[in-house]
Amino acid sequence: MDHLTAQDVWTIVAASLVLFMTPGLAFFYGGMTRVNSALNMILMSFVSIGLVGVVWALWGSSMATAPAMIPGIVGNPTGNFGLGQSISDGDLMSAGFSATFAIITVSLISGSIADRTKFGSWCVFVPLWVTLVYAPLAFMVWADGGLFAEHGVIGQRLGEAIDFAGGLVVHINAGVAGLVLCLVLGVRRNFTTRAEHRPHNVPFVMLGAAILWFGWFGFNAGAATDAAQAGRIWVNTLVCPAAAMLGWLLTERLRDKHPTSLGAASGIVAGLVAITPACANVDPAWAIVLGFVSGVACALAVGLKYRWGYDDTLDVVGVHLVAGIIGTLALGFIATSSTGRPGLFYGGGLGLLVTQVVATVATVGFTALGTFCIAWVLKRTIGFRISESDEEAGIDAMVHAETAYSLMSGASGERSGESMASASPAGGEDPRV
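So the mapping is simple: our numbering equals the position in the sequence shown, first residue as 1, plus 28.
Keep in mind the hints are simulated off the structure, nothing from the lab.
In this text, all values refer to a predicted model and were calculated from it rather than measured experimentally.
Note that beta-carbon positions come from the ideal geometry of N, C-alpha and C, so glycine has one too.
Check before you lean on any hint, since a few could be wrong.
[Stated by the list, open to error] The calculated label-pair distances, taken between Cβ atoms and stated as ranges, are:
(1) Glu416 / Thr106: 39 to 45 Å
(2) Ser365 / Val386: 20 to 26 Å
(3) Val41 / Pro231: 24 to 30 Å
(4) Gln35 / Cys401: 19 to 25 Å
(5) His31 / Arg283: 54 to 60 Å
(6) Met97 / Ser289: 43 to 49 Å
(7) Gln184 / Ala396: 53 to 59 Å
(8) Leu332 / Glu416: 24 to 30 Å
(9) Ser365 / Arg217: 50 to 56 Å
(10) Asp284 / Pro95: 49 to 55 Å
Make the full structure from the sequences, and use the hints.
Encoded structure:
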């Protein structure tokens with residue numbers, strides 16, 4: 029029997045850290061949403077673990093890594109169905125690690141459609157989206173022979189795209205999917221009243237951001253191949269979100285006259301997203317610049333939904349799509365020559381930038397088309413949005429028959445007969461909608 033190597037142990041630890049990010053995201057999103065939808069928001073993340081975990085073990089991992097079924101696009105789903113066909117222990121650990129990435133990506137999407145999504149429809153959407161969108165894109169970017177890989181069709185012509193930990197596959201993918209879904213579902217009630225859109229539990233948001241930051245060290249460094257690379261990734265994962273938090277807070281101070289805890293938490297996430305594709309390929313000084321720019325840009329971008337009329341409830345588009353694009357394209361300028369293909373500032377010319385732009389545009393188009401097709405079919409068949417009366421009363425009470433804060437029912441947590449809306453600190457008025 030083979031003994032565990034240090035790399036094996038680190039892969040197990042990193043995968044556990046990444047899996048822990050999904051409960052962290054559940055806290056982050058659960059605190060940001062309105063009080064009578066908090067449990068539904070948390071449950072959407074947790075059920076994604078169950079659904080994606082099963083799908084990935086059965087056929088998702090094969091679609092992302094097995095020999096191609098459609099050259100350059102997707103692997104054969106039966107190539108290693110169920111992860112049991114002569115697979116080595118190391119491959120099993122890699123499959124488990126990749127499963128946690130698929131899980132967090134799906135969970136990220138849920139934030140764009142909070143407060144108004146049918147839970148059953150979400151449970152149908154998740155396996156369809158992982159199968160038809162996430163797994164093929166993961167193959168295109170990360171698999172040998174994938175479209176954007178070194179030996180892929182585009183990779184051979186333009187050079188390999190750089191996406192070390194998921195700027196394309198995770199964040200741009202989730203951001204575009206979130207944008208499509210919020211457009212298909214439409215806006216919440218009273219969406220244009222910006223002042224009423226506020227988190228019901230900011231401490232939950234801060235706790236979630238802390239868990240996400242902690243888990244992100246495994247997210248980014250889990251695939252490190254040596255100590256030098258791991259050290260670079262760890263430091264970049266520290267300084268980029270730190271600078272992004274400062275950039276977001278400064279933007280709030282100049283624009284709104286007061287920095288906020290919510291802004292600090294959002295800035296941290298923006299920086300984590302921006303460094304994800306670039307964590308192994310930039311120097312720490314550039315990571316600080318990248319973080320500050322992404323913090324400022326995302327702080328400005330999250331307000332565009334009120335101007336342009338798309339109801340991205342918890343700012344998946346404004347944070348994950350925007351910061352993901354910034355981090356992915358920045359590599360075309362600041363990727364160092366000592367870590368692979370250099371960017372423009374390191375004598376690499378425009379080649380890498382062109383590759384990153386093409387990969388970004390292709391990701392946006394592929395995800396938008398795939399997500400729209402799935403969402404449109406669900407909307408036309410089983411429906412994707414809850415009724416207006418259920419939305420007004422709150423999904424927790426009307427769909428799940430439970431509430432997040434049973435203040436009137438004692439320690440048991442059983443329903444007291446009062447709806448979530450009546451227990452609202454705003455006296456029945458929805459604190460976010």
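Hints versus structure:
1. Against the hinted window of 39 to 45 Å, the Cβ-Cβ separation of Glu416 and Thr106 comes to about 44 Å, which satisfies the hint.
2. For Ser365 and Val386, the hinted distance range of 20 to 26 Å is satisfied, since their beta carbons lie about 21 Å from each other.
3. At about 28 Å, the CB distance of Val41 to Pro231 agrees with the hint of 24 to 30 Å.
4. Checking the proposed 19 to 25 Å range against Gln35 and Cys401 shows it is violated: the Cβ atoms sit about 40 Å from each other.
5. The supplied range of 54 to 60 Å is met by His31 and Arg283, whose beta-carbon atoms lie about 56 Å from each other.
6. Range check, Met97 to Ser289: about 48 Å between beta-carbon atoms, so the 43 to 49 Å window is met.
7. At about 26 Å, the CB distance of Gln184 to Ala396 disagrees with the hint of 53 to 59 Å.
8. Restraint check, Leu332 to Glu416: a C-beta distance of roughly 26 Å satisfies the suggested window 24 to 30 Å.
9. Range check, Ser365 to Arg217: Cβ separation about 53 Å, and the 50 to 56 Å hint holds.
10. Taking the beta carbon of each, Asp284 and Pro95 are about 53 Å apart, inside 49 to 55 Å as hinted.
Violated hints, in rising order: 4 and 7; the structure is consistent with all others.
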